[in-house]
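K.L.:
The listed protein sequences derive, respectively, from chains A and B. According to the working numbering, the first sequence is numbered sequentially starting from 1. According to the working numbering, the second sequence is numbered sequentially starting from 1.
I should point out that these hints are in silico values taken from the structure, not numbers from a laboratory. Worth double-checking, as some hints may not be accurate.
Unchecked claim - With a straight-line cut-off of 27 Å between C-alpha atoms, the simulated DSS-like cross-links for lysine-lysine are: (1) B:K180 with A:K10; (2) A:K94 with B:K271; (3) A:K38 with A:K224.
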Amino acid sequence: MEWLERNVPKLVLAPSFVAILVFVYGFIVWTAWISLTKSRLMPRYDIDGLGQYTRLFASPRWDVAMNNLYIFGALFIIISMLVGLMLAIFLDQKIRAEGVLRTIYLYPMALSLIVTGTAWKWILNPGLGIQDMVRSWGFESFTFDWLIRPEMAIYTIVLAAVWQASGFVMALFLAGLRSVDTEIIRAAQVDGIPTHRIYSAIIIPTMAPIFLSAFIVLAHLAIKAFDLVIALTNGGPGYATDLPATYMYAMAFSRGDLGQAAASAMIMMMVIFAIVVPYLYSELRPRRDQ
Amino acid sequence: MTSNTMLRWGLYAILTVFALFYLLPLFVMLTTSLKSLEEIRTGGLLALPRAITFQPWLEAWSSACAGTQCEGLRPFFWNSVLMAVPAVLISTVVGALNGYVFAQWRFPGANLFFAAILFGCFIPFQVVLMPMARMLGLLGLAGTIPGLIFVHVIYGIGFTTLFFRNYYVTIPQELVRAAKVDGAGFFRIFWSIFLPISLPIITVSVIWQFTQIWNDFLFGVSFSGPGSQPVTVALNNIVNSTTGVKAYNVDMAAAIIAALPTLLVYVVAGKYFIRGLTAGSVKG
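Looking at chain B on its own, in the form it has when it is part of the complex:
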């Protein structure tokens, strides 16, 4: 019995140590962001701030320098919002309709096309980076937010289609057949039968896409211009900005600001976030 109790203690000890390991960077980011530079130089990494200051947060938001532009993260944060919201909505709507066709309106060749889409989810984006840069130039979208929206929609519909297809495939086909007999058409059936039951999978799709697009760096750094950079690119520029004194507290505040939206989504809707993750890895 005593050895069992010790085992339990050991178990909790290990689980706690790992919890501390996962929390450490967040803790360090938060405390560092509330310290003055002087205190960072003299105090320890893990020390709590002696005199809390919000100055670094203000600087990170509105005056820190990303490259030559010294307006803080604010404009880039809004760039990310302007990019993510339409891209999430469009890719989710397209994915829902695609998934509905693949699950309920099969036609010869549909499986092959579905496999082709699935395949597309796995390509390393490096392989489309250069032609996409040229294509955006040809379309006049290079360095613009609509250009980034376009890219995120194109490479997002693979996953959203997969989510909806796997969700709708569990709905018996007799339902659609009966509705057809009653004279309902494609969109009518979607609107009055499928859409009302879709809230969970819409949530999964929206959260997945939002997290992907908000956190994206590769497309952002490759296809944005000075006025259209998303927040991840700006954060990296602020951290690597070489002008003036290295302001670690501002860097940390900026990092937290850039992370807040997705962190918030995770805290509020973690269940759906995990479902998206596992659906994205364990197909069907």
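Bound conformation, chain A alone:
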């Protein structure tokens, strides 16, 4: 009985411990293992080496997916950060109706990416969307058909993703701006330093950790991007807008190529960990010393 009492905390954690061990770490090991075998439709467990990775890197479709990830990731992160920072700074100027504007900027984050994709697919479709609207205004030769042009379709995904996430970055930055010591700002204002200098020299540098957090969240969203692509372009035209996540899904569930699916999932995980691990490490470090 006394043993039970002493060990209640551990017993409470035990189910979660087992679950995380099996369903996170055990499953990662399983996927890693499969990525080293010749598995196709059914898993095989005899290790074969790095053949799947060689195949993956030689695959033109994977090449497109990784290229799209670079384009999408870079533009999505940079534009969301710029828009978010700009809106945060502007909202910080004692704006009337700030609450309403903030609510409007942030609501897309509450929506499913499938809803976002459906809406933008309708707006961007050349037949009845923006292109048709501008043409009906008299600009007969206006074209805006990115959605169906293989080399441009990835930018429609950037547009919809920025629409969805930039308000969230705004909220992060705004919270950061509000936490800067007002004494310092007032002192700078008294000294007659212009507002843009106060921002560029005093406020923004103190927000470095927030830039880092925003970057981590956005990078994470970019690498995992799946729903939005499915809803907006379904990877098309052809596989022009494939991302690693849609490639993996296609291999696992429609192509029946478990080996390729596993190898691509492992690459995705490595990319995420290359970004997240240093961040988590620095976040966890000081707390352990307490």
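Given the structure of chain A, go ahead and fit chain B onto it with the hints provided.
P.N.:
Chain B only, in chain A's frame:
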């Protein structure tokens, strides 16, 4: 002074333009969903409906075709409710107890385990998709709502544990020590000291989990069967359904219906939604 006024005007102009940009899709969805197909073909994208019709909403709710099934979103909407409610409750309760242990009942190795949980929050789910599909098959849960609940609980407890741990860690440990001296046990202390002060963080956790689970598509599309698909999967199927005439108005009505629950939560409890978002990104 005049240049300052102009600056203010410019500021408001830019903020308004962005507000319109964020509102545009919602506006277009709403107006399109109230137009007849004829009006969609002849009128402009941004035009207000000339003759409002609720027919698309009725169709989206009860007769639109998702694949071969033509019962609208209704059955799938309830699937999502049946999936989200238990998954949110279970993951929040487990997260609360876990967080309570991590914050107040530390033992050797607890930090390492906490780091392992935190790490798990960041994995791309693609890496667990295939083994989970096999595991659900082995458990007899493949293609069922309990299977989806199971998956959402497993991959949700990382975040809920984090929320509660970071909340409870601010409560002085002396409180627990004093209560122990008075003879109170683990659950007694949780029940009478921690639970009563937990309403804000429970709200954050419930809202976060609900939004995540309701909006999930990856698990839904990977692990559900014909009778257990959540509303996001059904919406995607309705939009991509190739039978008959493309009914954009029905698609838009369906999209709004699928978005309503989380939108409602955001409008009612936006403050807590934002807290969940920022807690999920800025750890502690």
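K.L.:
Now tell me, hint by hint, if it's right for this structure.
P.N.:
Each hint, compared with the structure:
no.	hint	in the structure
1	B:K180 with A:K10	holds (17 Å)
2	A:K94 with B:K271	holds (20 Å)
3	A:K38 with A:K224	holds (26 Å)
Going down the numbered hints, you'll see the structure goes against none, and every one checks out.
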